[in-house]
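Asks: Take a look at the letters that make up each chain.
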Amino acid sequence: MVHLPTDRKSIQVALLFIVFAVLVAGKGVMPGWLLTWPASVTLPIAEWLNQALFFLQDEFWKITVIDVEEDLAEETTAVMLISRGVSDALQSSIDVVRNILLGGRKGFALPALPWTAVAGIAFVIGYALQGWRLSLLAGLSVIYLAVFGQWQDSMRTLSLVFVAVPIALVLGLSLGVLAYRYKVVELTLAPLLNVAQSLPHFSYLIPVLVFFGIGDNAGAIATIIFATPPMIRLTLLGLKKVSVEVLESGRMSGCNNLQLLTQVQIPSARHDIMIGVNQVIMQCLAMVVIASFIGASGLGYTLLVMLGSLKIGKALELGISIVLIAIVLDRLSLAWAHKQPDYRADLPFYVRYKYWLAIVGLTLLSIIVSKFFPYAYKIPRSVAITTAPFWDFMVDWVVRNWYSGLQQFRTFLLVEVLIPMRDAYTSLPMVAVFALLMGAGLFLGGVRSALIVGAFFAFIALTGWWNKAMITAYMVSFSVLISVFIGLSIGIIASRRSFTTRYALLICDTLQTFPSFVYLIPVIMLFQVNDVSVLTAVIIYASIPATRYTIEGLRSVPQGLQEAATMSGVSRIQRLFKIELPLALPHIMLGVNQTVIFALFMVIIGAFIGTQDLGQEIMQALSESDMGKGLVLGLCVAFMGLAMDHLINRWALPRKQELGLA
Amino acid sequence: MAEEKAQAVIECRSVYKIFGENARKLLEESKGRVDEEEFSKAGCIIGVNNVSLEVHQGEMLVVMGLSGSGKSTLVRCISRLTDATAGEILIDGQDLLKMRNKDLIELRRHKMGMVFQNFALLPHKTVLENIAFPLQVKGVKTADSHGRAREMIELVGLVGREKSFPRELSGGQQQRVGIARSLAVEPDIWFLDEPFSALDPLIRREMQDEFLRLQSLLNKTIVFITHDFDEALRLADRIAIMYHGRVEQIGAPVDIVLNPVTDYVKKFTNEVPRERVLTTASVMEPKQEGQELSEFTVAADVIIEQVAERVLSATKPVAVVDGQGEIIGVLNCKRILHILFGKPS
Ligand SMILES: Nc1ncnc2c1ncn2[C@@H]1O[C@H](COP(=O)(O)OP(=O)(O)O)[C@@H](O)[C@H]1O
Ligand SMILES: [Mg+2]
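Here the protein sequences line up with chains U and S, keeping their order. The first sequence begins at 1 in our numbering and counts up by one. The second sequence begins at 663 in our numbering and counts up by one.
No lab work stands behind these hints: they were computed from the structure. The structure presented is a predicted model; accordingly, all values stated were derived computationally and were not measured. Where is the CB? At the ideal position from N, CA and C, for every residue including glycine. Treat each hint with caution, since some may be false.
[What the hints assert, rightly or not] Calculated Cβ distances over 12 Å to all of chain S for the following chain U residues: (1) G28; (2) V29; (3) L56; (4) V184; (5) E248; (6) D342; (7) F409; (8) G445; (9) R448; (10) I492; (11) I540.
[To be verified] Mimicking BS3-like on lysine-lysine, the simulated pairs with C-alpha atoms at most 30 Å apart in a straight line are: (12) S:K773 / S:K693; (13) U:K183 / S:K687; (14) S:K803 / U:K354; (15) U:K240 / S:K703; (16) U:K183 / U:K311; (17) S:K825 / U:K241; (18) U:K183 / S:K882; (19) U:K354 / U:K378; (20) U:K311 / U:K339; (21) U:K656 / U:K9; (22) S:K800 / U:K240; (23) S:K825 / U:K339; (24) U:K339 / S:K803; (25) S:K760 / U:K183; (26) S:K928 / S:K996; (27) S:K764 / U:K240; (28) S:K882 / S:K803; (29) U:K378 / U:K339; (30) U:K241 / S:K978; (31) S:K929 / U:K240; (32) S:K882 / S:K773; (33) S:K929 / S:K703; (34) U:K354 / S:K687; (35) S:K928 / S:K760; (36) U:K241 / S:K764; (37) S:K703 / S:K693; (38) S:K882 / S:K764; (39) U:K354 / U:K339; (40) S:K800 / S:K882.
From just these sequences and the hints, can you work out the full model?
Replies: Dropping the structure here:
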């Protein structure tokens, strides 16, 4: 007699795979509508969306605007008026900031700040927030941007960030407070935030494009919409974390509601809210780069142009600038978040405001100096140092020496692995995929989970994107497999010692701050433009969370347990596989969840290089300004992410709790 | 005496606090008879169950009970940090539960102060600013509020730490700040919810002494919560013992120890060192004719613990005298030994 495992879990897993296998094998005898969704019964949701949005834009609430000067009456709608007003207001804010940083804008007579002044300010802020190291990082980065001819583009990008960040912060904070106050708002926002945070960047661009056209103001709007959700979340989280006693102490001190909010709750939630500020800044930067697709000028736009004409050296140079700006903004805002308040009310004026005085002094100094030395004001492109030839040389060198090797590797990968895998995915009968996913939902979280996961995928089928979605799924699964392998290996090695742990986490932190788009640059340099380069970028990007969560998971295994294991004579390898990994597994699975999300985002961005999946369709919708199609596709991507997120969380969270690690 | 008895500062009449969706309905249906099992089946948790009590001007009521017995909930009902499900609460004769929000804020700004178990200081404010906060909130000018806060700092012995932040203080120091803050508006009613429970035993003792010193200066009406019977005995004028949301017994410490009315209170008081509770008057015996007495006497209202050693080392019984110096009874060694080591009856 054969002994089969008889516990419930194994039976469920076995059952799941048997059903899946039977359904796949039975493909030949199935009617067509079980294999793939018939095109004739798709719901034209995109059409409806378009009609609704155009109705809003063109028909809803008509208003006649009378221009007194020209004596013209113009018929328009409320939505148009609002969007025009918002867009004009944004444009003027951008103009103000640009004039300060770059000068020469219409309507402003003032010249720009000299780059030396900006560098000085960066030195002072870095020092004030953390000390010399941050001061040097910030100041030298600014100097780099000026000296290497990146000034114009960088300041354009930064001016968009400087306009978008405060607006996103105010919006996020207000909505967060409202959600905290009113349960209804929280419950309405929760699903919207979930979807918003899994919607690919490009999907935000299309409606903005339709309502606001192209340009910097449209870019700023897309950026604001994209960056607000994390602020809402962190504000809500922070406010909820304020201890009941502190709240009660505020009320017993006689606070009214407003005083309670502004003087007790928000200050007590400061740290979480400041982490929100950091997130907003980083999201803004990432989105400003991508918003170049709808005409936001700056580093991203130039980068697009350079990549488009395959000027890899220039592109790399731009990428480095973006990365530098990202690191500096991240470190500065984190330093600000971690800074504790100091007592300074009774210090003399010049001590109390020493940093402000230093900023004013350095600015004046650099304005005076630049009167005599024009290079202190602006370094023209013609004399700026460029590293592009060096990078181009490197690219040439790679192509000359590695080309055939890389090409062979690429062909092998394509022919032997990727194409068969893609074919397998696209030829899976739809009913088998549903059975697998909903079955997993059923066993992990009951009927409700099965229905949730089913509904997410039903949307994809109903809107007619099943086949494209399966291509996205194949790219994501391939990258996630490899990323998890890489993450586990690096994580296991790095978590052995505390200093390697520290460095590995620092590297993860830094890599994670890079706007995802820049990951495409080096892979194009190595593999040119094709799907192997996309997958490489995805794998690199998605390995970051895999590594981080592996390290965190292994490090969180209680010391006592490890020592007990060592005492009882367990070898190191045994300890790893028998004790540490199983205990860390739930946390690692949460990392896998992040890996899936990262991979999804990057696969979609990879459409820029050329893929044939949902991302490519989104790019197309963008170029056709097809809002409905873009939104539906974005939702398809988001729902795939949310379904995986749901399943993995259902598995990991209870297990974490069981192990007492939650 | 009865006609002299002033109106109670705090008066609770059949106060209930039941947590849960349809607590009020359930309570009405059961006509105030709360069956714990039935309620918990309906998803309700009992916080306070039919509590009636009074606290008088200048009196310190200590609310005692194990964790989860409803002490904090009771105090939060009396300060209306949470709304009682049913019952009446009168503060100086005013109906607290009918008060509008604005009046409630005024009441807190002038009449109430509260000290919390985990200090509940504002992390972004200095010691001085924390203490001045209740004054700032009601619109007192910064200079005045800081002046008043400095007085408070002196009162609680924190001079020199004005500019420190809570994170830079020890637990005991933080609670001193909490106490100073709660006193800044000169409240009449002072709530303290396990103020010393988060402190080390040694510091706790020190803070209790400090607290007694403050109370002798200020003479506030106090509701003090603790789960530590020792603490209750040191501080209380009267003790209320809570169990499952009910007040099992309320009375002077001696009453509770000598005449526990329920088994629960009895079990509770069994652990209490009786020499710490009982006064000489409560254990003295009548003086017999011609009995030879020691040369020294003891007052009638002192705790036995304080005189035990002297009485034990005396060779003859010791006279107990009242305020006028009249002998009202005697203490002898046997009786003291019985109290110290004998099984309580
Ligand atoms: N906000 C609340 N919601 C539900 N139950 C609560 C709430 N606050 C307290 N309780 C419950 O009420 C009971 C009394 O709690 P509490 O007054 O804090 O006890 P104590 O202060 O004596 O330790 C406990 O069972 C507690 O779980
Ligand atoms: Mg309590």
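Asks: Now, for every hint given, state plainly whether the structure supports it.
Replies: Structure-based check of all given hints:
1. G28: The claim stands: G28 (chain U) keeps its Cβ more than 12 Å from every Cβ of chain S (closest is about 54 Å).
2. V29: 52 Å, holds
3. L56: 40 Å, holds
4. V184: 17 Å, holds
5. E248: Violated: least Cβ distance 5 Å, not greater than 12 Å.
6. D342: Violated, because the least Cβ-Cβ distance between D342 (chain U) and chain S comes to about 9 Å, which does not exceed 12 Å.
7. F409: With a cut-off of 12 Å, F409 (chain U) remains clear of chain S, as the shortest Cβ separation is near 56 Å.
8. G445: For G445 (chain U), whose nearest Cβ neighbour in chain S is about 23 Å away, the distance exceeds 12 Å, so it holds.
9. R448: 21 Å, holds
10. I492: Check passes; 37 Å lies beyond 12 Å.
11. I540: About 40 Å separates I540 (chain U) from the closest Cβ of chain S, which puts it past 12 Å; holds.
12. S:K773 / S:K693: The given pair, whose Cα atoms are some 34 Å apart, is violated under the 30 Å limit.
13. U:K183 / S:K687: 23 Å, holds
14. S:K803 / U:K354: Distance of about 28 Å is within 30 Å: holds.
15. U:K240 / S:K703: Holds. K240 (chain U) to K703 (chain S) sits at ~29 Å (cutoff 30 Å).
16. U:K183 / U:K311: Violated, at roughly 53 Å.
17. S:K825 / U:K241: 26 Å, holds
18. U:K183 / S:K882: Answer violated: K183 (chain U) to K882 (chain S) is near 40 Å, above 30 Å.
19. U:K354 / U:K378: This hinted pair holds, its Cα atoms lying about 27 Å apart.
20. U:K311 / U:K339: Violated, at roughly 42 Å.
21. U:K656 / U:K9: 17 Å, holds
22. S:K800 / U:K240: Between K800 (chain S) and K240 (chain U) the Cα gap is close to 26 Å, so the pair holds against 30 Å.
23. S:K825 / U:K339: 17 Å, holds
24. U:K339 / S:K803: Roughly 29 Å separates the two Cα atoms, so the pair holds.
25. S:K760 / U:K183: This hinted pair holds, its Cα atoms lying about 26 Å apart.
26. S:K928 / S:K996: Holds - the C-alpha atoms of K996 (chain S) and K928 (chain S) are around 24 Å apart, at most 30 Å.
27. S:K764 / U:K240: Distance of about 25 Å is within 30 Å: holds.
28. S:K882 / S:K803: 26 Å, holds
29. U:K378 / U:K339: 34 Å, violated
30. U:K241 / S:K978: This hinted pair is violated, its Cα atoms lying about 65 Å apart.
31. S:K929 / U:K240: 40 Å, violated
32. S:K882 / S:K773: Distance of about 11 Å is within 30 Å: holds.
33. S:K929 / S:K703: 29 Å, holds
34. U:K354 / S:K687: Not OK: K354 (chain U) and K687 (chain S) at ~63 Å, beyond 30 Å, violated.
35. S:K928 / S:K760: 38 Å, violated
36. U:K241 / S:K764: The hint holds at about 27 Å.
37. S:K703 / S:K693: Measuring from Cα to Cα gives roughly 18 Å; hence the hint holds.
38. S:K882 / S:K764: The given pair, whose Cα atoms are some 24 Å apart, holds under the 30 Å limit.
39. U:K354 / U:K339: This hinted pair holds, its Cα atoms lying about 17 Å apart.
40. S:K800 / S:K882: 22 Å, holds
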